[in-house]
Every structure is written in structure tokens, then in C-alpha cells.
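Visitor: When you get a sec, could you build the whole thing from the sequences and use the hints?
There are 6 protein chains.
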Amino acid sequence: MRIKVINGNTFESMTQGIDQSAQAARFPDTEIVTTQPKAGPESVESYYDEYLAIPGILEEIILSGDEFDAFVIACWGDPGVEAAREITLKPVIGIAEASMYVANMVAARWGVITTQHRTLDMIEKTIYKTGFSHRCVSIRTTGIPVVETETAREATTDALEQIGRLAIAQDKAEALCLGCAGMSGLDHALEKRLGIPVIDSVAAAVKMAEAIVSLHKQNSKALTYQVPSPKPIKGFPAHMQPGRFSANSDKK
Amino acid sequence: MRIKVINGNTFESMTQGIDQSAQAARFPDTEIVTTQPKAGPESVESYYDEYLAIPGILEEIILSGDEFDAFVIACWGDPGVEAAREITLKPVIGIAEASMYVANMVAARWGVITTQHRTLDMIEKTIYKTGFSHRCVSIRTTGIPVVETETAREATTDALEQIGRLAIAQDKAEALCLGCAGMSGLDHALEKRLGIPVIDSVAAAVKMAEAIVSLHKQNSKALTYQVPSPKPIKGFPAHMQPGRFSANSDKK
Amino acid sequence: MRIKVINGNTFESMTQGIDQSAQAARFPDTEIVTTQPKAGPESVESYYDEYLAIPGILEEIILSGDEFDAFVIACWGDPGVEAAREITLKPVIGIAEASMYVANMVAARWGVITTQHRTLDMIEKTIYKTGFSHRCVSIRTTGIPVVETETAREATTDALEQIGRLAIAQDKAEALCLGCAGMSGLDHALEKRLGIPVIDSVAAAVKMAEAIVSLHKQNSKALTYQVPSPKPIKGFPAHMQPGRFSANSDKK
Amino acid sequence: MRIKVINGNTFESMTQGIDQSAQAARFPDTEIVTTQPKAGPESVESYYDEYLAIPGILEEIILSGDEFDAFVIACWGDPGVEAAREITLKPVIGIAEASMYVANMVAARWGVITTQHRTLDMIEKTIYKTGFSHRCVSIRTTGIPVVETETAREATTDALEQIGRLAIAQDKAEALCLGCAGMSGLDHALEKRLGIPVIDSVAAAVKMAEAIVSLHKQNSKALTYQVPSPKPIKGFPAHMQPGRFSANSDKK
Amino acid sequence: MRIKVINGNTFESMTQGIDQSAQAARFPDTEIVTTQPKAGPESVESYYDEYLAIPGILEEIILSGDEFDAFVIACWGDPGVEAAREITLKPVIGIAEASMYVANMVAARWGVITTQHRTLDMIEKTIYKTGFSHRCVSIRTTGIPVVETETAREATTDALEQIGRLAIAQDKAEALCLGCAGMSGLDHALEKRLGIPVIDSVAAAVKMAEAIVSLHKQNSKALTYQVPSPKPIKGFPAHMQPGRFSANSDKK
Amino acid sequence: MRIKVINGNTFESMTQGIDQSAQAARFPDTEIVTTQPKAGPESVESYYDEYLAIPGILEEIILSGDEFDAFVIACWGDPGVEAAREITLKPVIGIAEASMYVANMVAARWGVITTQHRTLDMIEKTIYKTGFSHRCVSIRTTGIPVVETETAREATTDALEQIGRLAIAQDKAEALCLGCAGMSGLDHALEKRLGIPVIDSVAAAVKMAEAIVSLHKQNSKALTYQVPSPKPIKGFPAHMQPGRFSANSDKK
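Chains as they are written, first to last, in our numbering: chain U, 1 to 252; chain E, 1 to 252; chain F, 1 to 252; chain V, 1 to 252; chain S, 1 to 252; chain C, 1 to 252.
A hint or two may mislead.
It does not matter which identical chain is used: a pair holds within one copy or between any two.
The list that follows gives simulated cross-link-like pairs (lysine-lysine, DSS-like), each with its CA atoms no further than 30 Å apart [claimed, not checked]:
id, residue 1, residue 2
1, K38, K234
2, K192, K38
3, K129, K221
4, K221, K234
5, K192, K234
These are calculated hints, taken from the structure and not from any lab test.
Guide: Here's what the structure looks like:
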């Protein structure tokens with residue numbers, strides 16, 4: 001089984017961090033290729049960043065043709081995940097979604113800890129959209145930019161520990177999702193410090209991808225996730241034009 | 001007051017149709033300029049289309065500098081509206097949101113009628129996200145592609161009338177939002193045929209934009225809609241790089 | 001266009017304050033007449049006050065015959081708004097509803113600041129009924145009675161600033177609705193002090209009324225807002241008997 | 001124990017019907033006095049009717065002084081119930097609320113059957129406000145006016161049976177609330193015909209009132225249901241002025 | 001009328017305490033028999049305890065044959081209440097449900113105060129399941145085990161007072177449900193100390209049971225609460241085998 | 001990795017069917033042992049069945065000591081799953097939960113198809129509890145008892161196909177969860193006939209269990225899922241007494 005993990009941003013050292021988490025999480029027979037979009041922001045910390053990241057993320061899927069059995073979108077917020085499911089039959093898993101499912105399976109009440117304060121609304125809307133507003137009891141932010149999350153590991157870990165303690169003590173969170181792909185790999189240290197399950201969202205998504213592939217499930221083409229109708233899309237290369245990419249829709 | 005109405009797709013005859021509705025709806029002192037993105041799909045009928053439309057929509061806002069007092073995103077689903085509010089201080093109104101507010105003000109229970117069957121989920125999620133799942137009692141689709149909505153006016157009107165009648169009779173809808181910018185201008189004919197308020201979403205958004213401008217309100221920069229932090233965004237032109245566009249943030 | 005703004009209470013100096021806000025908010029071609037019910041409480045601070053205010057508010061609409069194009073009910077909580085939509089074809093806008101729509105258009109998360117502590121439940125239920133429980137993140141009260149809100153402007157402003165700061169700092173509110181018609185006109189001072197959009201709910205409702213009139217939309221008479229059936233209503237004057245007032249239902 | 005049952009309208013033969021149901025439902029030691037407001041509509045079939053009914057309902061409570069231990073508001077929709085709880089310490093029970101609690105206790109999924117089609121929204125909002133949108137699976141209306149519900153008993157029963165059968169077969173309702181006080185007394189006949197619990201809402205409310213009185217519970221005066229502050233209320237008699245009626249607030 | 005009150009646990013002195021509350025709450029003509037399951041935990045403080053308590057609770061109902069007119073399950077969380085409604089026609093009332101209905105009837109916003117911190121999720125889910133997440137504004141726990149709640153009355157009362165004060169001051173709760181059958185009888189003392197309605201959940205359930213019996217309502221056998229189909233259930237005695245117990249289903 | 005799959009009922013041929021699905025779904029290195037409780041009903045088709053099944057299910061976990069790395073509860077409705085998470089550190093996955101996560105990952109709108117009509121409420125409540133009421137658009141039942149689901153495979157498959165077609169055509173479901181462990185193995189046939197993803201819930205849960213184990217996550221012992229406090233539980237064997245079973249709580 002081959003899974004392509006797509007970093008949501010174009011920050012290469014984060015791609016490497018994500019790869020480490022993904023490789024560590026995979027089953028032995030799974031092959032993981034971690035990549036990053038050709039186009040898009042260095043980090044996703046705003047809706048603007050998120051929306052400019054999506055075409056590049058989708059391109060990564062289109063370019064893959066049939067080489068992969070599943071895709072992971074490694075950016076909390078799951079940018080473009082519905083579109084991704086339209087353009088391929090292969091399962092596409094968002095790390096936000098995956099981490100919340102895992103949290104649900106090990107804790108009655110959980111929270112999300114993440115980076116910049118301004119992402120509070122993005123996090124909250126992602127949870128609301130998924131339907132877990134009654135399960136998620138805490139969203140807390142360090143205020144540390146995504147890039148520093150990658151480069152200043154110890155400071156980031158300390159800050160996450162601090163808000164994690166508040167999530168446990170004040171909000172009664174019993175597990176925590178790491179709400180940024182850049183935090184991949186910090187789960188073990190934080191779990192040790194905080195004493196509750198801390199979920200590496202990238203790792204969670206790899207496991208979900210393996211699960212869906214192994215179940216031989218593919219994206220439903222019944223209605224919502226049908227292949228986009230052929231039509232000109234200005235300003236995008238030929239390989240991104242609907243009707244031009246195969247969307248492996250004849251495979252099923 | 002100058003309002004820029006941005007067609008969500010790159011289909012020029014739809015831009016013209018939107019312009020007609022917008023011009024018809026404006027107050028005398030309002031100047032409307034209707035435009036379409038340089039890049040993006042000919043119609044928005046899938047999540048894929050929607051996400052590839054967003055960068056072009058946002059670019060239209062960035063390129064406007066300080067020339068406009070407000071923006072309307074003329075695509076039901078309000079693609080990119082949160083990001084748009086980050087990159088400008090000027091009000092940005094989505095036509096979905098606007099039409100639902102208008103529906104709420106004239107009817108206790110309302111519905112949305114729109115194009116392709118596959119957009120059902122997109123419509124439903126837009127309503128859920130806004131918080132009106134208990135007010136919207138009907139979503140019905142004609143199955144007619146967006147482009148034909150523009151080019152085959154009579155067939156479209158007939159088909160909308162037909163699903164409109166079902167929405168009234170079976171779902172007890174008391175007003176209907178036209179769930180596609182391409183349906184702009186059909187509200188009067190449908191209102192006459194159906195006997196209930198039918199809301200031209202583009203017109204609704206123009207009025208909302210005029211309202212917010214007249215109230216001297218601008219996008220809150222307190223947290224979520226702060227200007228995106230400067231950072232490189234690969235594959236996008238200089239004028240779309242955060243830190244490069246002014247975001248008229250010094251105006252307030 | 002002529003809009004009648006109806007103060008929800010019978011406190012004349014508040015009617016004047018509301019009028020100032022409404023006049024300041026109107027477009028040049030709009031004519032505003034602000035009035036107050038002949039009957040009803042001096043201020044609305046309880047459910048009892050609210051329910052006794054409603055017949056007088058409705059009477060103001062009935063007495064207007066066809067002189068006005070729209071009505072604004074200037075009392076946060078929108079007392080009687082559904083009934084008002086039954087007895088006239090002309091749009092009727094509540095200031096609570098209007099202010100929340102405006103808040104949604106400029107902020108991701110917003111709050112309501114208002115008068116007496118006891119109104120907390122009334123405010124909360126109004127928001128829940130509208131569907132915005134997931135958008136409204138803060139409701140805070142000064143404890144100052146409505147009448148003093150009008151008469152002690154500086155103390156009121158200071159108190160609102162104080163709870164506004166808490167709403168921003170603790171609840172992460174990014175815009176604030178002024179939850180009482182008596183606070184009309186304080187938005188500019190508070191906006192300056194707090195640095196986030198503060199919404200004068202009366203002004204917001206005037207703009208919504210202008211919008212709906214301009215869109216030529218009227219109350220749906222399909223089901224819920226049909227004209228009340230003729231029947232005797234004891235204790236109310238002839239002009240308030242269903243069947244006696246025209247409800248301008250023959251206009252459409 | 002003395003309970004005052006207040007018909008929501010001023011239709012005397014309905015008051016008698018309500019009284020019969022209430023008397024039949026009371027425990028032997030309970031004394032029931034059924035009454036109707038001096039002012040208000042002959043029937044409640046619209047929001048307009050409902051709001052004009054409320055002052056008269058509240059007056060019935062005020063005039064009762066300390067003669068009663070509890071009040072029942074006999075109109076599905078519970079008009080004015082929050083205000084009623086402000087002006088007295090004595091429990092005030094709405095028949096809508098009461099019937100829904102009873103339905104919850106005997107059925108997993110239940111419905112409401114009622115009169116005019118136009119009341120659909122009023123019924124739905126009452127259920128949503130209470131929090132039972134996930135328990136109520138059916139709302140169906142006969143189209144028969146309230147007054148005929150009282151005067152044409154057999155036709156009403158037949159029509160209720162018919163929509164009741166649809167509620168069971170199509171919506172899988174397992175119990176039905178009679179959504180109008182005028183239907184009091186029809187529960188037994190309908191229960192026999194339909195084979196599921198049919199709840200006489202007046203009877204249900206009498207039992208709830210007896211329960212609360214027997215528990216020695218009174219309306220909380222902590223915040224929301226505090227006695228209204230003294231203030232002039234124009235157009236209402238002296239005995240309805242806050243500060244003039246005792247609200248038996250010194251009793252506790 | 002004969003009501004069987006079933007303590008959810010097997011702690012005899014708690015059964016006695018429950019009996020005192022139940023006897024104090026009953027109408028003169030009601031006969032109350034309070035009992036405890038033969039099997040089950042000494043106290044219910046975890047999901048494990050709760051699930052092991054349920055078979056014994058159900059057995060108490062089955063063994064009662066036709067001797068009782070209604071049953072009360074005296075454990076906050078209402079363990080097994082849906083199953084109980086399947087195996088008998090007689091009304092079965094849970095004390096959680098009953099106390100919440102009573103709270104709704106006397107207060108706009110209420111809370112639950114209870115025992116061990118770990119039960120927070122159980123309490124919250126019970127409220128969510130019932131549909132009152134928007135009415136319940138506070139859940140607070142003393143940390144005192146259930147057994148001590150019974151044996152250390154003064155310490156328990158002091159601790160409840162303390163969290164009750166926080167519920168009032170910080171969460172604006174206006175009434176409080178005692179979230180454990182072991183707290184039965186403490187309502188009067190707490191009501192005196194806290195000044196708001198405090199609801200003895202056992203007493204509340206007795207009143208609800210009397211109400212339903214008096215209304216001649218029984219569990220709907222239309223769908224969900226049908227008698228369980230005959231089938232072998234290993235490890236349970238003959239009298240608990242479906243098909244063997246009569247479920248008094250022939251009575252209706 | 002060793003996973004114990006626990007059939008929720010005591011019907012041996014269903015245990016075998018579950019085992020086949022589980023074995024087919026496991027990764028090569030996973031060892032699956034499928035078992036059934038010593039005590040409990042032959043099938044779970046009512047709340048009564050469900051609650052009597054739970055102690056036996058929990059016993060299977062307790063008896064396993066440290067031999068297994070995870071548990072699957074193979075009964076749609078996930079009976080006892082919260083309690084199971086208290087008594088072991090090892091992940092416990094319910095098949096309902098697992099199948100809904102999988103459905104979410106491959107379809108925008110999905111449904112559940114299952115056995116007896118009476119289980120409608122159980123299914124609906126399970127979905128509501130999880131938070132997916134806005135994702136699940138269809139619940140349909142064949143009316144075929146669980147046991148026949150196992151023994152009459154072809155009739156069951158035909159009946160499921162039939163309701164599946166309705167779910168797709170009328171409710172616009174785009175994937176279907178098989179809502180009964182007895183349907184394990186029918187997913188491929190149904191997928192072929194219906195053309196949309198059909199999810200074998202047992203297989204889904206095996207994959208989720210493998211995922212959580214591989215992520216080294218265990219049940220949070222922070223609050224809700226703490227090991228039950230030692231206390232006597234009458235009528236249950238020594239090995240089921242809290243304090244006697246180790247709950248492998250010292251492993252972490």
C-alpha cells in the first residue's frame with residue numbers, strides 16, 4: 001500500500017517533520033511518500049493561507065495519477081478535502097478529522113491545542129462542521145507561529161504543555177489533539193508531561209488511510225463526490241482541467 | 001459608494017447577468033462594477049470548482065486597492081469570504097449569506113432552489129455553517145448545469161418553477177432563495193408564477209453591502225480576520241503575497 | 001421610501017434617541033418617522049414588560065395603514081415581529097435580528113452587551129431562536145436599567161466599555177451588538193474605545209429595512225404570515241380586530 | 001390545592017371543554033377553577049392572536065392574588081409563560097410543555113397534531129425552543145379552525161384520526177400530543193382508534209401543576225423570573241402596573 | 001395507586017433515604033414501596049457501575065408483575081429506562097428526566113450538582129440526550145463519593161452549598177437539580193442556604209409517576225417500546241427471559 | 001498485535017460470521033480472536049436485549065487480562081463501550097462508531113440500513129449521541145430479525161438491497177453502514193448491487209482498533225474513564241468486582 005502525505009504548506013523542514021511522524025506511524029507494508037505542494041504558503045495560519053494552499057494540495061493528488069492508494073492532507077482544518085475526494089477514487093484523509101476520531105475513541109471529552117491565537121475560529125468551525133461541538137471541550141492556542149513550531153521545538157513543547165495543563169484543569173479535557181501538522185512528533189513528550197493521550201494528527205491520519213485502503217473503500221461517486229464536469233478552468237495548467245485528469249474513475 | 005461585485009466564475013455572459021441584477025438592485029448613489037476573476041472555472045458546480053475559484057476571487061479584491069467600499073462574492077456558497085475579510089477592511093458579502101438573511105426577514109420557513117443535483121451537500125453545509133438548519137426546510141435542484149442556467153433561460157425558469165412548486169407543496173417553504181448567481185434576474189418571473197417571495201441572491205448581497213458601508217462598519221481585525229502575516233506564498237504573484245498588499249489596514 | 005421606526009417602549013426621550021440613530025443611518029431618500037406605542041411599559045427589562053409592549057407595537061403598524069414601506073421594531077428581542085409580519089405585507093425588521101446579521105458580516109465571533117442582568121436569558125433565547133448560538137460567544141450585562149441607559153450616558157458608556165473589554169479579552173468577541181435600543185448612538189464612542197466593530201442595532205435595522213424595500217420583497221403570505229382570520233378580539237379597539245384592518249393584503 | 005386553569009382565548013364553550021378535561025384529570029383534593037381572560041381573541045391561530053391573548057392571560061394571574069397555588073396556561077404554545085413566572089411565585093405550567101414531557105415519558109418518538117395549517121411554524125418553534133427537535137418526529141395539521149374543533153367534535157375527531165394515522169405510518173410517531181386546548185377530551189377516542197398514547201395537553205398540565213405544588217417548588221427569583229421592576233405601563237389598568245401587584249413575592 | 005421506587009444501587013441505607021423522600025413526596029392515596037435490586041453495585045459512580053446496575057433494576061420491574069402502577073428508577077442518569085419501558089406497560093420514570101422537567105418549569109436556566117468529579121461526562125451526556133443542553137448552564141461536582149453522600153450528611157450538604165454558590169454566581173444557575181439519589185432529602189436545607197429552588201430528583205420522579213398514572217397513560221407499544229421478542233438470554237433466570245414474563249402487554 | 005472481537009450476542013453462528021469478517025479485514029500481523037459473551041441474549045433487537053448483553057461483554061474484557069491489545073464490541077449501538085474503556089487501558093472500539101467514521105471519510109451524506117423496524121430509535125440515538133445527525137440522511141430497516149439476517153443470507157441481501165435503493169433514491173445517501181454485526185460479509189454483494197460504498201461495520205472496527213494500537217494510544221484515565229472505584233457489586237462474580245480486576249492500569 002502506498003500513501004501520499006501532502007503537507008499543507010510549502011515549508012520544507014515541516015514536510016520532513018511530517019514525514020518522520022508518518023513513517024513512524026505506518027504499518028511495515030505501507031509505503032509513505034511525503035511531499036509538499038509546488039505552490040502555496042509557507043505556513044497556514046489564516047483563511048487566506050488556507051485557501052491559497054488548496055490548489056497546490058489538489059495538484060499533488062492529480063499529479064499522482066494511480067501511483068498511490070490513498071492521500072493524507074497534512075494540515076489541521078483539512079483544506080480541500082471534499083474537492084480531493086471528487087478528483088480521485090482513492091481515499092483522502094484530513095488530519096483534523098482523523099485526530100478527532102482517534103480522540104473520540106480514547107476519551108469522553110477532549111480538546112485541541114494549536115498555534116496562533118487567530119486560528120481559534122478556524123479550529124472551532126472545523127469541529128462544528130464535523131459534528132463534535134459536544135465532545136470538544138477546549139481549544140487553546142500558544143500564540144506561536146507555525147514556522148517556529150517547527151524550528152523552536154523546546155519552546156513550543158513548553159508552551160503546549162502550559163496550555164495543555166489549562167485544558168485539563170479548567171476545561172476537563174481528557175485527551176488533546178495537536179492542531180497543527182508542525183507539531184508532529186511532539187505527542188510523546190507531551191503525553192509524558194501531561195499524563196493524558198496526546199494525538200499526533202498526522203500519525204492518526206496515516207492510520208485512517210491505511211484502514212480505508214485495507215477495507216477497499218473508495219470515495220462514493222453517487223452524488224457529491226462525482227468527478228467534476230469537464231469545463232475550462234482559466235489560469236490553471238492542463239493537468240488540472242476537469243476532463244483532462246482521469247480521476248481514476250474507471251477503476252471501480 | 002462603490003461596490004465591486006465579483007462573479008465567482010469566469011463565464012462572461014454570467015458576469016453580465018450578475019451585473020444587470022446588481023445594477024437593478026443598487027441605490028442611485030451606489031456605483032457597481034461587476035467583474036470576474038482572471039483565473040478560475042467557467043462555472044462552480046463542485047467543491048473542486050469552488051476551491052479553484054477562490055484565489056481568483058481574492059485576487060480581484062487585492063487588485064482593487066482602495067477603489068471600492070465593499071465587495072460582493074457572487075457565488076452561492078460564499079467561496080473564500082472569510083479570507084476576503086482578512087485581506088481588506090472593506091465589507092465583503094457573500095450572496096448565500098445575504099439571501100438567507102433576506103429570507104429570514106420575510107418568511108418563517110424558506111428553501112433554496114438551485115442547479116445540479118450534486119450541489120445538494122454544498123448547499124446544505126452552507127446553511128448548517130450559517131446556523132439556519134432549522135429555518136431552511138427545503139433544498140431542491142433542477143439538475144441543469146450552471147452554464148445552461150444562463151443560456152437556456154426559459155427552460156431554467158420552467159424547471160425552477162417546477163421544483164419551487166414541490167418546495168411549497170411538500171416542504172411548506174414560504175420563500176425561496178435562488179441558489180446560483182446565474183439565476184439572477186429570474187426572481188420576478190418566478191415570484192409571479194409561484195406566489196411567494198423569490199430572492200435574487202446577488203441583489204440581496206448588493207443591499208447588504210450598501211447597508212454595511214452606510215453603517216461605516218468594517219471587518220473586525222481583533223482576531224480571526226487580522227491581516228495575514230507576511231510570508232512567502234509560492235506560485236502566486238507578488239501582489240498576492242501577504243505583506244505586499246496593503247489590506248488597507250491603516251485606514252481605520 | 002418611508003420607514004416607521006417603533007420604539008418598543010413608551011419612554012419619550014428614548015424615542016428621540018432612537019430617532020437620532022435612525023435618521024443618521026438612513027439613506028438620503030429614505031424618510032424615517034420614529035414613534036412609540038400609545039400603550040406599553042416605560043422600558044422593556046423583563047418578559048412581562050415585553051409582552052405588554054407588543055399590542056402597542058402592533059397597533060402602531062395597524063394605524064399606519066399604507067403610509068409606510070417598512071417597519072422597524074426598536075427593542076432588542078424583536079417583540080412581536082412574527083405577528084407584525086402577519087398584519088402587514090410591508091417588511092418588518094427587528095433590531096436584534098438586524099444587528100446579528102451585521103455582526104455576522106464583519107466578525108467571525110461576536111457578542112451582545114446590554115442592560116440589566118436579568119435580561120441574560122431573554123438575550124440568549126433570542127440568539128438561540130435565530131440560530132446563532134455558535135457565532136455569539138459572549139453575552140454581558142452592565143446591570144444598569146434601561147432608563148438610565150438613556151439618561152446617564154457617560155456612566156452607561158463607561159460600563160459598556162468595561163464589559164466590552166471582558167467580552168474581548170475573556171470570550172474572544174470580535175464585534176459587539178448593542179443589546180438595547182436605548183444604547184443607540186453609543187456605538188461610535190465604544191468603537192473608538194474598544195477597537196472593534198460595535199453595532200448600533202437601530203441603525204442596523206434601518207439599513208435592513210431599506211434593503212428589503214429596495215428589493216421589493218414583502219412578507220410571504222403562503223402560510224405562517226397569512227393575515228389573521230377575522231374573529232372577535234375582546235378588549236381591543238375596532239381597528240385592531242382581524243378582518244377590520246386591511247393588512248394591505250390586496251396590494252401584492 | 002387550588003389550581004387556576006386559564007383558557008388562552010375568550011371562547012366560552014372552549015373554556016367549558018377545558019374545564020371538563022381539567023376536572024377529570026385532577027386529584028380528588030385538588031380544586032380547579034377554569035377561567036378565560038377578559039380580553040383577547042376568540043381563538044389563537046396566529047402569532048397575532050397569541051400576542052394579543054397574553055396580556056389577558058397575565059391579568060388572570062395578577063387578579064388571583066394568593067387564592068391559587070398554581071396556574072395552567074391552556075393554549076398550546078404556552079403564551080406568556082415566562083412573564084407569568086415573573087409576576088407570581090406560584091408555579092405556572094404551559095400545556096405545550098407539559099404534554100411534551102408526558103410524551104417523552106411514554107414514547108421514544110412522538111408527534112403533535114393540531115388545527116390550522118398555518119400554525120405549523122408556531123408548533124415547530126415551540127418544540128425547538130424547548131429542546132425536543134430530536135424527539136418530535138411529526139407535526140401534522142387538520143386545517144380545521146380552532147372554533148370548529150370545539151363545535152364540530154366528530155369531524156374534528158375524524159380529521160385528527162386521519163392525520164394521526166399518517167403520523168404513525170409515515171413519520172413513525174409512537175405517541176401524539178393534542179396541539180390545541182380545544183381538543184381536550186378527544187384523547188380517549190383517538191387513543192382507541194389509533195392504538196397509541198394520545199395526550200390531552202390540558203390534563204397533562206394539571207398533573208404537572210399538582211406535581212410542582214406538591215413538591216413545594218416555586219418560581220426561581222434568582223435572575224430571569226424576578227418580579228418586574230416598578231415602572232409605568234401605559235394603557236394598562238392599575239392592577240397590572242409593576243410595583244402595584246404584590247407578586248406574592250414576600251411569601252417565600 | 002402503587003408506585004415502586006427502585007434504588008439504582010444496592011446500598012441499603014440509601015434505599016431508606018430514597019424511601020423517606022419518596023414517602024414525603026407522595027399524595028396521600030399513593031402507596032410507595034421502595035426497594036433495591038438483588039444484584040448490582042453498592043453505588044453508581046461510573047459507566048461500569050451503571051451498566052452492572054441495570055439488569056438488577058429491570059429484574060425488580062419484572063418481578064413486580066402487575067402489583068404496581070408505575071416505577072421510578074432512582075439513579076440520576078436513568079439507567080435502563082428505555083428497556084424498562086419495553087418490559088412493562090406501566091410508566092417508568094427516571095429521576096434525572098423528572099428533575100430536569102421540574103427545573104424547566106420553575107427556572108429559565110438551571111444546573112446539576114452531584115458527587116464524584118468523574119461523573120461529569122455521564123451527567124452531561126444525560127442532559128444532551130434529553131435535549132436540554134441550552135437550558136442547563138452548570139454542572140458541578142463535590143468530589144464526594146456516593147456512599148459518603150449518604151453517611152456524611154453535613155459534610156455533603158456543606159460541599160453542595162459551596163458548589164451551588166459557584167453555580168449561581170459564576171454560571172447564573174437559577175435552580176439546581178440534585179444529581180444523585182443519595183442526596184434525597186437535602187433539598188430543603190440547600191434551598192434555605194442558597195435561596196433558589198433545589199430539586200430532590202426522587203421526589204420529582206414520584207410526582208411524575210403519579211401524574212402519568214393518573215392520566216392513564218402507558219408506554220407506547222407502537223414501535224420502540226414493544227415487548228422484547230422471545231429469545232434465549234443466557235445467564236439470566238427464567239423470569240427474565242423474554243416470552244416468559246408477561247410484560248402485562250395484554251392489559252391494554 | 002492481538003485483538004479480541006466480542007460479538008454482542010450469544011448466537012454462535014453469528015460469532016463465526018463476525019470472525020470471518022474480522023479475519024478478512026485484519027492486517028497480516030494482527031491476530032484476531034472472536035468470541036461471544038457467556039451470558040446475554042441470542043440477538044440484540046431491543047434496549048432490553050442490549051442492556052442484558054452488556055455485563056457479558058464487559059466480562060469478556062475483564063477475563064482477557066493482558067492478553068489482548070484492543071477490543072472490538074461487535075454490536076451496532078456500541079453497548080457498554082464507555083464502561084469497557086473504564087475497565088481496561090486497551091482501546092475498545094464499537095462497530096457503530098467505527099462504521100460512521102469510515103462513512104464520513106468516503107461520503108458526504110450516508111445512511112444506516114439494518115434489521116427490525118423497532119431498532120429505528122436505537123440507531124437514531126446512537127447517531128445523535130455521536131454527533132452525526134447532520135451527516136446521516138437515512139435510516140432504513142428491513143424488518144428481518146437479527147437471527148434470520150444470519151441464517152437467511154439471500155433474503156436478507158435482497159431486502160437490504162431494496163431499502164438501500166430507497167436510501168439512495170429518496171434520501172440521497174451516498175454510502176451505507178450495515179447496522180448489524182450479523183450483516184458482516186454482505187458489504188461486497190451489496191456494494192456491487194447498489195454501486196455505492198457499503199461498510200461492514202465489524203471490518204471497520206477492526207481497522208480502527210489496529211490504528212489506535214499502532215498509535216500506542218490507550219484510554220484516557222484522566223477523569224471519565226478512570227478505573228471504577230473498589231466496591232461490592234452483588235450478584236456478579238469475584239473477577240468482575242472493581243478492585244479485583246487489574247484494569248491493567250499499572251501498565252501505562
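Visitor: Could you run down the list of hints and mark each one as holding or not?
Guide: Against the structure, the hints come out as follows:
For the homomeric pair K38 and K234, the shortest alpha-carbon distances inside one copy (18 Å) and between copies (7 Å) are both at most 30 Å. Proximity of K192 to K38 under the C-alpha cut-off of 30 Å is found in neither arrangement, the shortest distances being 37 Å within a copy and 38 Å between copies. Both within a single protomer and between protomers do K129 and K221 lie at most 30 Å apart by alpha-carbon distance, with minima of 21 Å and 24 Å respectively. Taking the shortest Cα distances, K221 and K234 sit within 30 Å of each other inside one copy (25 Å), while across copies they are farther apart (32 Å).
When the C-alpha separation of K192 and K234 is checked against a cutoff of 30 Å, the pair qualifies neither within a copy, at 51 Å, nor between copies, at 38 Å.
When held up to the earlier numbered hints, the structure conflicts with 2, 5 and fits the remainder.
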